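Student: One-letter residues, chain by chain:
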Amino acid sequence: MNGILRVKNVTQVFESGSGPRRDRVTVLKDIDFEVREGEFVSIIGPSGCGKSTLLKIIAGLITPTEGSVEVPSAAAPGSLPIGFVFQESVLLPWKTALGNALFPFEVMGKDTKAREPGVRDLFRLAGLSGFENYYPKQLSGGMRQRVSIVRSLSYDPALLLMDEPFGAIDAITRDSLNDILLDMWRETKKTILFVTHDIAEAVYLSDRVIVLGTKPGRIIEIAMVDLDRPRNEDTKLDPRFYGLVKKLRERLK
Amino acid sequence: MKRPGHVGRILSAAALPAGLLVVWKAATLVFRLPTTFLPPPEAVASRFISLIGSSVIQKHFSTTAVEIIFGFLCAAVLGVLAGYILAKFAVLEKVLSPFILIFQTAPKISLAPLFVLWFGLGLSSKVVLIALVAFFPIMLNFMVGVRSINPDYLRLMKILKAPLLKRVVKIEFVGSLPFLMTGMRTALVLSVTAAIIGEMMGAKSGLGFLLMNGYEMYDIPMVIGVILAISFFSWALDTAMKVLQDRLLFWHESADRM
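Keeping their order, the protein sequence lines are chains A and B.
Using numbering that gives the first Met the number 0, read the first sequence as starting at 0 and increasing by one per residue.
Using numbering that gives the first Met the number 0, read the second sequence as starting at 0 and increasing by one per residue.
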């Protein structure tokens with residue numbers, strides 16, 4: 000089936016320098032996992048474990064040294080398979096929030112006017128109604144990141160990759176962004192692969208959590224999160240929640 | 000403390016030129032300076048006014064303006080192309096950088112007499128000189144601008160499967176506009192200087208030619224009048240450029256400070 004993301008034995012070696020004194024660093028070793036259609040999976044690991052590299056490989060930005068990646072095909076014909084949310088919002092400062100969200104269609108040479116109603120719906124879902132004509136510098140960091148998520152979903156990709164999207168955002172805003180993200184996930188039924196270094200965030204959001212170890216980056220655990228949905232503040236009081244967080248924290252030590 | 004009002008600000012801004020005029024006038028009176036050495040301000044003023052009204056200066060002005068337009072446009076097109084290539088091909092930049100540095104620091108304006116010799120008294124020698132002088136600030140600023148673009152923008156374009164031209168135009172060009180505009184403003188002011196020097200070295204018309212004529216005929220009121228006209232012209236060009244800069248870069252951080 001095409002809805003599945005398959006990462007098969009991916010190994011990534013970076014070389015620095017040249018000639019005989021060349022350094023070879025194995026960043027990722029034998030990474031192998033699958034993500035089902037509509038599943039929310041997080042990848043956690045200490046900094047330097049290669050989790051961002053893994054996401055870039057899946058996005059097709061880096062060709063892996065070994066192994067392969069099978070990405071689900073685009074949902075609609077003429078769309079793109081992957082949506083990507085970066086750590087920073089990466090919005091074009093010379094375009095309004097709406098202009099930014101429609102930018103993928105501009106790049107693809109599609110009629111942006113025809114796409115506007117759908118994108119406006121996403122704005123509503125992200126709690127951004129009324130801010131369509133604001134420029135990025137007029138928005139807060141959390142709002143910019145929401146516009147960035149809207150942009151990545153605008154063209155209805157089959158897979159959404161998120162690289163520490165809330166890493167630079169304060170804890171209070173981050174909690175509400177997590178809830179907005181879960182709402183958007185439920186509405187759009189996207190497959191999401193979410194990279195973070197925050198264990199509690201990973202557990203709160205995900206169906207499964209993939210734990211990467213470091214040197215070289217490899218999978219040391221895949222944990223199921225059997226917490227009820229929809230999740231909310233009560234989820235965080237559930238003993239299973241902090242039990243799992245504690246277990247994963249131990250695992251990362 | 001009371002902040003100076005509108006009138007107060009105009010008065011304080013006018014104080015310096017007014018003081019200068021007084022000193023100037025006093026000097027010509029006290030030292031009994033001949034007009035061929037330093038004419039009094041009113042002589043310059045009346046010459047300036049008659050100059051501005053005459054059709055003679057319009058002809059010279061349009062010569063200089065046309066030279067600047069052509070020279071600057073050549074520099075802008077070549078500077079943007081070369082700047083982009085150097086930004087994208089780091090190896091090329093490494094190989095060329097010592098030569099670029101020599102060229103950049105050399106006083107290119109000193110080539111003016113040679114260009115007059117090679118390309119004649121007409122338009123082309125000035126266009127070449129202006130293009131050469133204006134090229135470097137445009138190229139260097141654009142190169143830095145293209146390089147300073149956050150690589151995540153390029154990753155985004157790759158994920159969106161953007162064609163090369165769209166990436167260049169919609170991200171790299173627009174994204175480096177703040178740098179490009181700074182370079183173009185510097186280049187435009189240098190263009191005026193290059194045009195005047197080029198014309199002084201040898202020309203059949205132009206403001207620099209008129210200036211040289213004034214020197215040769217000891218018509219110092221006209222010399223100062225032409226210098227004033229050139230200064231106003233240069234200031235007007237820079238102001239126009241700044242207005243364009245503000246309009247294009249309303250989104251940039253620098254816009255908040257203006």
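Note that these hints are calculated values from the structure, not bench results.
The structure presented is a predicted model; accordingly, all values stated were derived computationally and were not measured.
Ideal Cβ positions, reconstructed from N, Cα and C, are used throughout, including at glycine.
Misleading hints may appear alongside valid ones.
Said to hold, decoys possible - Calculated pairs, DSSO-like style, for lysine-lysine (alpha carbon to alpha carbon, straight line, at most 27 Å):
#: 1; chain 1: A; residue 1: Lys94; chain 2: B; residue 2: Lys157
#: 2; chain 1: B; residue 1: Lys58; chain 2: A; residue 2: Lys94
#: 3; chain 1: A; residue 1: Lys7; chain 2: B; residue 2: Lys165
#: 4; chain 1: A; residue 1: Lys112; chain 2: B; residue 2: Lys165
#: 5; chain 1: A; residue 1: Lys235; chain 2: A; residue 2: Lys28
#: 6; chain 1: A; residue 1: Lys94; chain 2: A; residue 2: Lys55
As the list claims (entries may be wrong) - So the derived list for chain B, only partly shown, Cβ under 7 Å to chain A, looks like this:
#: 7; residue: Pro150
#: 8; residue: Arg154
#: 9; residue: Leu159
#: 10; residue: Leu163
#: 11; residue: Phe232
Said to hold, decoys possible - Restraint ranges, calculated between C-beta atoms of paired labels, are given here:
#: 12; chain 1: B; residue 1: Glu92; chain 2: A; residue 2: Gly242; range: 53 to 59 Å
#: 13; chain 1: A; residue 1: Ser15; chain 2: B; residue 2: Pro162; range: 29 to 35 Å
#: 14; chain 1: A; residue 1: Asp182; chain 2: B; residue 2: Ala89; range: 41 to 47 Å
#: 15; chain 1: A; residue 1: Ile61; chain 2: B; residue 2: Lys87; range: 17 to 23 Å
#: 16; chain 1: B; residue 1: Ala89; chain 2: A; residue 2: Asp22; range: 16 to 22 Å
#: 17; chain 1: A; residue 1: Pro45; chain 2: B; residue 2: Phe102; range: 25 to 31 Å
#: 18; chain 1: A; residue 1: Gly242; chain 2: B; residue 2: Asn149; range: 37 to 43 Å
#: 19; chain 1: B; residue 1: Phe88; chain 2: A; residue 2: Glu36; range: 40 to 46 Å
Student: Would you mind marking each hint as holding or not holding in the structure?
Tutor: Status of the hints after comparison with the structure:
1. Of the pairs offered as hints, the one joining Lys94/A and Lys157/B holds, with about 19 Å between alpha carbons and a cut-off of 27 Å not exceeded.
2. Taking the CA atoms of Lys58/B and Lys94/A, the gap is about 44 Å. The hint is violated against a cut of 27 Å.
3. The suggested pairing of Lys7/A with Lys165/B is violated, with an alpha-carbon distance near 33 Å, which exceeds 27 Å.
4. Under the criterion of a C-alpha separation no larger than 27 Å, the hint pairing Lys112/A with Lys165/B is consistent with the structure, at around 19 Å.
5. For a cut-off of 27 Å, the pair hint linking Lys235/A to Lys28/A is broken: about 33 Å separates their Cα positions.
6. Distance hint between Lys94/A and Lys55/A is fulfilled; the C-alpha atoms sit about 26 Å from each other, no more than 27 Å.
7. The interface hint given for Pro150/B is broken, as the beta carbon of that residue sits about 10 Å from the closest beta carbon of chain A, more than 7 Å.
8. Proximity of Arg154/B to chain A holds as hinted, the smallest CB-CB distance being about 6 Å (cut-off 7 Å).
9. The beta carbon of Leu159/B comes within 5 Å of a beta carbon in chain A, closer than 7 Å, and the hint placing it at the interface holds.
10. At a threshold of 7 Å, the smallest CB-CB gap from Leu163/B to chain A is about 12 Å, leaving the interface hint violated.
11. Taking 7 Å as the C-beta cut-off, the interface hint given for Phe232/B is violated, the closest approach to chain A being about 31 Å.
12. Restraint check, Glu92/B to Gly242/A: a C-beta distance of roughly 56 Å satisfies the suggested window 53 to 59 Å.
13. The hint said 29 to 35 Å for the Cβ distance between Ser15/A and Pro162/B, and at roughly 32 Å that hint holds.
14. As the Cβ distance of Asp182/A to Ala89/B is approximately 45 Å, the hint placing it in 41 to 47 Å holds.
15. Between Ile61/A and Lys87/B the C-beta distance comes to about 20 Å, which sits within the given range of 17 to 23 Å.
16. Our hint of 16 to 22 Å for Ala89/B and Asp22/A holds, since their Cβ atoms are close to 21 Å apart.
17. Between Pro45/A and Phe102/B the beta carbons are some 49 Å apart, a value that contradicts the proposed interval 25 to 31 Å.
18. At roughly 40 Å, the beta carbons of Gly242/A and Asn149/B sit within the given window of 37 to 43 Å.
19. Against the hinted window of 40 to 46 Å, the Cβ-Cβ separation of Phe88/B and Glu36/A comes to about 43 Å, which satisfies the hint.
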